[in-house]
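Q: Listed below, chain by chain, are the residues.
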Amino acid sequence: MLILECPYCGVLADETELTPGGEAHLKRFGPGSSDEAFHGYLFERENPRGVHFERWRHSYGCGKWFHAARATDTLEVFGTYSAQVFDPPEEIRKKITAKRPGWTWKDLS
Amino acid sequence: MSKVISVLNQARFHGIADVTELGVQGMISLRGDLSSARLKTAARTATGATVPEPHRVTISDQGGLCWMAPDELLVLVPYAEVSTRLTKLQDALAKDHALAVDVSDARAVFQLGGPHAREVLAKLSPVDLSARAFTPGMLRRTRLAQVAAAFWMTQDEAFRIVCFRSVAQYVFDLLSIAAQDGSEVDAL
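These protein sequences, in sequence, are chains B and L. Once you know that position 104 of the first sequence is 104 in the working numbering, the rest is easy, because the numbers rise by one and skip nothing. Once you know that position 54 of the second sequence is 54 in the working numbering, the rest is easy, because the numbers rise by one and skip nothing.
Keep in mind that the hints were calculated from the coordinates and are not lab data. Remember, it's a predicted structure, so these values are computed and weren't measured experimentally. Using N, Cα and C, we set each Cβ at its ideal position, and we do this for glycine too. Among the hints, a few may not be true.
[Stated by the list, open to error] To give an idea of the interface, some chain B residues facing chain L are shown, with a C-beta separation under 10 Å as derived from the structure:
1) Met1
2) Tyr8
3) Val11
4) Glu23
5) Leu26
6) His58
7) Tyr60
8) Gly63
[Stated by the list, open to error] Just the calculated beta-carbon pair ranges, DEER-fashion:
9) B/Asp107 / L/Ala187: 31 to 39 Å
10) L/Asp156 / B/Leu108: 46 to 54 Å
11) B/Gly50 / L/Arg132: 20 to 28 Å
12) B/Glu15 / L/Asn9: 34 to 42 Å
13) L/Ser130 / B/His25: 34 to 42 Å
14) L/Gln90 / B/Ala83: 43 to 51 Å
15) L/Ala94 / B/Met1: 20 to 28 Å
16) L/Gly114 / B/Leu108: 51 to 59 Å
17) B/Leu2 / L/Ser60: 34 to 42 Å
18) L/Gln146 / B/Gly50: 55 to 63 Å
19) L/Gly114 / B/Glu46: 49 to 57 Å
20) B/Pro48 / L/Val101: 39 to 47 Å
21) B/Glu44 / L/Arg56: 40 to 48 Å
22) B/Thr74 / L/Ser166: 35 to 43 Å
[What the hints assert, rightly or not] With a straight-line cut-off of 27 Å between C-alpha atoms, the simulated BS3-like cross-links for lysine-lysine are:
23) L/Lys123 / B/Lys64
24) B/Lys27 / B/Lys94
25) B/Lys64 / L/Lys95
26) B/Lys64 / L/Lys40
27) B/Lys95 / B/Lys27
28) B/Lys64 / B/Lys27
29) B/Lys94 / B/Lys106
30) B/Lys64 / B/Lys94
31) L/Lys95 / L/Lys40
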């Protein structure tokens, strides 16, 4: 069972209390962008074995969206953080590096 | 005018815990900046209760305030006084980025009491309901089986449960089945 701490209300929320929101930190390509960029925005997703960044919503609780950094192979959770950021905060990256030296995800490491 | 009755008309069930639908309760959903002095004053004026800490309720003799989210309170008032208190609340917050809406008829309220109340609720929600973790005055907004609900513990270790009116029968059936005779778990 995946348990994530909601960074807004502080509840240790069970997976059944949350709604998954897919991959985190997508850059939107809308009207005016190339077909390739729009295709990438719609369909191209990471599917890593290991470190991954996701969006979740505390839907049965406070209702807020947030970000989570976790490992897909072990279900280990590195941390959760605010939805109002474009990249994972330094503190979360340090925690991941401490546990998984040499990790990469898209252009992050 | 016709008499107002609640969705299950105060249905009751007695088992290892007592389930009661509580009848009509005035409820106002209030969203805004909970740290703002104006909102705090308006909420206190409407209910006589102070704005609670996160995951807590404050109850007074005229109403109460439930912390629902970092920017949301559920304001409890007598059913007959909802419209007057709502107008006052809206007037007091007219200049703020805040929203107050009457949700009394969109919700149902249950009381769950008796010595096994904790474990009846623990069967239905992913919340630690042990006496160590969940104490009177605490509130949790979560799910009961398949639907959203919020509950808090009153001073006598009974629970008040709020859910959507449309699922009131479902929640009553859930609580009744979880509280049926002979279903004690004695794990908490």
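Q: Against each hint, give a clear statement of whether it holds in the structure.
A: A quick look at each hint next to the structure:
1. Restraint check, B/Met1 versus chain L: the minimum CB separation of about 9 Å is within 10 Å; hint holds.
2. The beta carbon of B/Tyr8 is positioned within 10 Å of a beta carbon in chain L (closest approach about 5 Å), and the interface hint is therefore held.
3. Interface restraint check for B/Val11: the shortest CB-CB distance to chain L comes to about 7 Å, inside 10 Å, so the restraint holds.
4. The criterion of a C-beta within 10 Å of any C-beta in chain L is not met by B/Glu23, whose closest approach is roughly 25 Å, and the hint is violated.
5. Checking B/Leu26 against chain L by beta carbon gives a least distance of about 25 Å; that is not within 10 Å, so the hint is violated.
6. Contact between B/His58 and chain L, as hinted, is supported at the beta carbon level, the nearest pair being about 9 Å apart and thus within 10 Å.
7. Interface hint at B/Tyr60: satisfied, since its Cβ lies 4 Å from the closest Cβ of chain L, which is below the 10 Å cut-off.
8. Interface hint at B/Gly63: satisfied, since its Cβ lies 6 Å from the closest Cβ of chain L, which is below the 10 Å cut-off.
9. B/Asp107 and L/Ala187 have their C-beta atoms about 49 Å apart, which leaves the hinted 31 to 39 Å range violated.
10. Between L/Asp156 and B/Leu108 the beta carbon distance is about 52 Å. The supplied range of 46 to 54 Å therefore holds.
11. Taking 20 to 28 Å as the suggested C-beta distance range, the pair B/Gly50 and L/Arg132 does not conform, at roughly 36 Å.
12. Checked against the hint of 34 to 42 Å, the pair B/Glu15 and L/Asn9 passes, with Cβ atoms roughly 37 Å apart.
13. Judged by the Cβ atoms, the range 34 to 42 Å given for L/Ser130 and B/His25 holds: they are separated by roughly 38 Å.
14. In this structure the hint that L/Gln90 and B/Ala83 lie 43 to 51 Å apart at CB is violated, the actual value being about 29 Å.
15. Checking the proposed 20 to 28 Å range against L/Ala94 and B/Met1 shows it is violated: the Cβ atoms sit about 46 Å from each other.
16. With their beta carbons about 53 Å apart, L/Gly114 and B/Leu108 fall inside the hinted range of 51 to 59 Å.
17. Our hint of 34 to 42 Å for B/Leu2 and L/Ser60 holds, since their Cβ atoms are close to 39 Å apart.
18. Against the hinted window of 55 to 63 Å, the Cβ-Cβ separation of L/Gln146 and B/Gly50 comes to about 33 Å, which falls outside the hint.
19. Taking 49 to 57 Å as the suggested C-beta distance range, the pair L/Gly114 and B/Glu46 conforms, at roughly 50 Å.
20. A beta carbon spacing of about 43 Å between B/Pro48 and L/Val101 agrees with the range 39 to 47 Å that was offered as a hint.
21. Between B/Glu44 and L/Arg56 the beta carbons are some 45 Å apart, a value that agrees with the proposed interval 40 to 48 Å.
22. Between B/Thr74 and L/Ser166 the beta carbon distance is about 40 Å. The supplied range of 35 to 43 Å therefore holds.
23. Of the pairs offered as hints, the one joining L/Lys123 and B/Lys64 holds, with about 26 Å between alpha carbons and a cut-off of 27 Å not exceeded.
24. Between B/Lys27 and B/Lys94, the direct Cα distance comes to roughly 23 Å. Compliance with the 27 Å bound is thereby established for this hinted pair.
25. Annotation: proposed proximity of B/Lys64 to L/Lys95 holds, straight-line Cα distance about 25 Å (limit 27 Å).
26. Distance check on the hinted pair: B/Lys64 and L/Lys40 sit about 22 Å apart at the alpha-carbon level, within 27 Å; holds.
27. This hinted pair checks out: B/Lys95 and B/Lys27 have alpha carbons roughly 24 Å apart, not beyond 27 Å.
28. At most 27 Å may separate the alpha-carbon atoms for a hinted pair to count; B/Lys64 and B/Lys27 meet this at roughly 20 Å.
29. Distance check on the hinted pair: B/Lys94 and B/Lys106 sit about 17 Å apart at the alpha-carbon level, within 27 Å; holds.
30. Of the supplied pair hints, the one linking B/Lys64 and B/Lys94 holds, its CA atoms being roughly 25 Å apart against a limit of 27 Å.
31. Simply put, L/Lys95 and L/Lys40 have alpha-carbon atoms about 14 Å apart, close enough for the 27 Å limit, and the pair holds.
Hints 4, 5, 9, 11, 14, 15, 18, counting from the list given before, are not met by this structure.
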